[in-house]
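With the hints as your guide, set chain B onto chain A.
Protein chains: 2
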Amino acid sequence: MKIAIAQINYLIGDFEGNLKTILSRVNEAKKKGADIVVFGELATCGYPPRDFLEFNDFIDQTQEILEPIKAASQDIAIVIGSPTPNPVPEGKDLYNSVYFFADGEIQHIQHKALLPTYDVFDEYRYFEPGTKFSTLEYKGHRIALTVCEDIWNIGNENPLYKTCPLDILIKEKPDFIINVSASPFSYNHAEERLKICKENVARYNVPLFYSNNVGAQTELIFDGGSVVMSPNGVVHREMPYFQETLEVFDLEEVMAGNIHREQEKNNILEIHDALVCGIKDYFKKLGFTKAILGLSGGIDSAVTAVLAQRALGKENVRVLLMPSQFSSDHSVNDAKALAENLGIQYDIIKIEDVFDSFMSKLTPHFEGLPFNVTEENIQARTRGTLLMAFSNKFGNILLNTSNKSEMAVGYGTLYGDLAGGISVLGDVYKTQVFALARFMNKDGEVIPENSITKPPSAELRPDQKDSDSLPDYDILDEILLEYIENRKGPKEIIAMGHDKALVERILRMVNRNEFKRYQTAPVLRVSSKAFGMGRRMPIVGKYLE
Amino acid sequence: MKIAIAQINYLIGDFEGNLKTILSRVNEAKKKGADIVVFGELATCGYPPRDFLEFNDFIDQTQEILEPIKAASQDIAIVIGSPTPNPVPEGKDLYNSVYFFADGEIQHIQHKALLPTYDVFDEYRYFEPGTKFSTLEYKGHRIALTVCEDIWNIGNENPLYKTCPLDILIKEKPDFIINVSASPFSYNHAEERLKICKENVARYNVPLFYSNNVGAQTELIFDGGSVVMSPNGVVHREMPYFQETLEVFDLEEVMAGNIHREQEKNNILEIHDALVCGIKDYFKKLGFTKAILGLSGGIDSAVTAVLAQRALGKENVRVLLMPSQFSSDHSVNDAKALAENLGIQYDIIKIEDVFDSFMSKLTPHFEGLPFNVTEENIQARTRGTLLMAFSNKFGNILLNTSNKSEMAVGYGTLYGDLAGGISVLGDVYKTQVFALARFMNKDGEVIPENSITKPPSAELRPDQKDSDSLPDYDILDEILLEYIENRKGPKEIIAMGHDKALVERILRMVNRNEFKRYQTAPVLRVSSKAFGMGRRMPIVGKYLE
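In the order they appear, the protein sequences are chains A and B.
Counting in this note's numbering, the first sequence tops out at residue 931, every number present.
Counting in this note's numbering, the second sequence tops out at residue 931, every number present.
Keep in mind that the hints were calculated from the coordinates and are not lab data.
One should not assume that every hint holds.
Any copy, or any two copies together, can satisfy a pair, since identical chains are not distinguished.
[Claimed, not checked] Straight-line distance between alpha carbons at most 20 Å, and here's what the computed EDC-like set of lysine to aspartate or glutamate pairs gives:
| id | residue 1 | residue 2 |
| --- | --- | --- |
| 1 | Lys915 | Glu440 |
| 2 | Lys928 | Asp400 |
| 3 | Lys915 | Asp659 |
| 4 | Lys915 | Glu900 |
| 5 | Lys478 | Asp437 |
The following block holds chain A by itself, in its conformation from the complex (with noise of 0.2 Å):
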């Protein structure tokens, strides 16, 4: 028996389109021989479709497309991930649901059980947890289907479920398990999916076969990495990180264990191309091609501008350097340097005269009162509107390079450089900007030195350094890192040894700071624990404030 994956980039809500694909698909893997095919969770309607799954309509639309998907499953059976509406009143309206389909008709549908409800899942919003489970015959062989999380509870260890599909399932004794995947992309994530699937395996001694979605949806960004286990624990294998993707396997093959193919591990590597996945995808899937940012010489917006160029093209990819009077001379020949380095258009703008022109119709109004961050915000705010006119007047989408370090303090200017359709780097500390920029330099340098060695600085007033009102970025990142992804109350992180007075500072910035975080772009997600929809805290409150 052949097993096809099919690693798909769904677009939310095209049915057309979907549906052009997975039919596209189905006849591949027939021509290549395959008795299944197995395609991702939610292929219809895309993951995740989020509150559209409160629409009758769009209900109606996943489940119209099944129609043709079953009549194609003509000596092939399909595999697919969709929606089920909920036919008895009691309980949510839908079933997150994986559909086999054969011989042109449904052989069977198992509902998932085990659904996510934290960080950025709201499964539990949409979805009535399935309670029954029970396998299917194909040709012979006895076949366990499973939905994402489902395989995620071996023998009722994690403590959010209850249940554990696969122990009761297992004993119909099948022959393998299928499951169907949207698991998004997080650096230490792709680890993770190979031990759970190990342990599944060592658990109920059979192959599976998972098929995980790929592409980004706006800050969720999913990277394949599909897994073929077989039972002796090794991995068959792992298909590609964010790459669409069909590949076969013989059953027999997988079963005798003697092939292993991974794919390399490489948390900075992973990161960049998931990074570069996020932005190539936000702009296919809303029409876009061409980016616009602004290059400041340092950092951020350096290695913002490569990730950019090697989505986009070089030629889709167009700088503004924008000085001002605080500007250094090195941050516009960097910054030149780099759009050079990369073959990117540049445009340099002096800011100079449009600040002086707002100063000349605030200063009677401001009068006696000292040069402070209002000064500081008007230039970053100058800077956003002319970046903001440009991709108005030439249809570029405006990125937004500030880093995870910054956002969570609150460094940044709100409609000035926190502007921007996409947050490239908002998911992303300092201290992993440095390894990227080093990483991106590992053939030559594309980033000038000079942008990675100086001492970092937002040049908005005379010889600022981030130094001034930060401690060095080793220390944030780690403080941060233990308050926002391993959610650590103060009493936790200073009895790490981090300084109590620093520690309480760091962590009022951050709550302080929400009302700017809730008005920026989203972030693509590369950490367990990014800004946006998978950390929800109230803007007003005095937690630690």
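Frame of chain A; chain B shown alone:
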């Protein structure tokens, strides 16, 4: 027996402040002869605490302040909502509980069973549902305790749930029911609340003491309106809306059912008061007193200014009039008249010079390209930058003045007129804005009549009118309400008699502008479906586009 309801405005995470308020109200209730005093849902930490609940440190502090509250339960019983750590590893880490303290001891804890996980609610993200239900006896009376949603599934008629806590509790023959709630305002919610209270009392034939939180928590506005319902279905008391208060009720009087005291019901009045409450609390809880906004002479900024003046006082509201070359004379005159009517400080800053300064930088790059939305947006962003400069220099919060109709269709400039710390009218359709303006003028002209009657215009190019590109607001708002609040798809809306091409165009505009709403301020919620946390839409997608 005398039962006090303390309708309180808690501050999320302000353990010290909430404790002080609670203890002071316990004393007040004692002085007024109450045997029991009833607070609200999650009163210790404030509702909704959102992801703060994932911090052990935060939960520890809720536990710590329960101690002095418990100790204060001498000569009075205290009923109060607070989270409870789940003692076993299985399931979510917390329960959402109501505590009954008396004689300095915990007499009873009842965990919430029905966990709203829809719209603005994420309770299953944090809480394990309670599954055991029992009453308690106090001073010869048997009492059934419930938390909020637990009384909203009468006889299992609500398809979202499979448990009806009171159907179980009633078997122990309680003398009355207590419910602690945090039930946010929408303009028809007070009626729904009374209806559900009536239905419970009708089913169980015992009185109900329903205590609701009051005050705004960023976008969510809790209206109070706590209810005491006699067993004969008469509303013994509906407490005031949008006010902190404590009232004491005599159980025998409640039993008799001869007293009927309800609040006036008027949707526009309620929306008005809710928005005033929302502005007031946003400022107070963030530690700010002063607001700034731009007055265009149009109705949206006029209504926002009136609400701000009523919420913060005339000395705390400052406005800028920022005419451009495209502004009509009447715009400045109408805005001046309004500012004078309100007694608020106004300044006039002409933006043409700044606009020209921007254009002098951009023209070399825009050669040969016509005036379009780019130049319109530069005007809006110049105004946004000027307003933010005042905000930064004087410590004012900028109020956003966009209405729900224009936010829906994307009629607004990101970082321009969409800027601001809080969106006052973002959940108020344009037709409702007109109704609010009329309501404000009912005892004499506050808003100049001309601001109400002239055709709406953004005045960003010569002779522009909203009606150039949008249908009449009567029609637009009907279509938007069906799509947003009622979640009808295009077929259903067209079937109601609306023009097909128009419906499709409007729905496409709504979906395409999700990216703008993602980056705008929190919206004070006054409807059953506001933009923001309660409406979670993909940005990248192709549904109806």
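Okay, the hints, checked on the actual structure:
no. : hint             : in the structure
1   : Lys915 to Glu440 : between (27 Å within a copy, 12 Å between copies)
2   : Lys928 to Asp400 : between (43 Å within a copy, 5 Å between copies)
3   : Lys915 to Asp659 : within (18 Å within a copy, 38 Å between copies)
4   : Lys915 to Glu900 : within (15 Å within a copy, 23 Å between copies)
5   : Lys478 to Asp437 : within (13 Å within a copy, 24 Å between copies)
Hint check: no violations occur; every hint is consistent with the structure.
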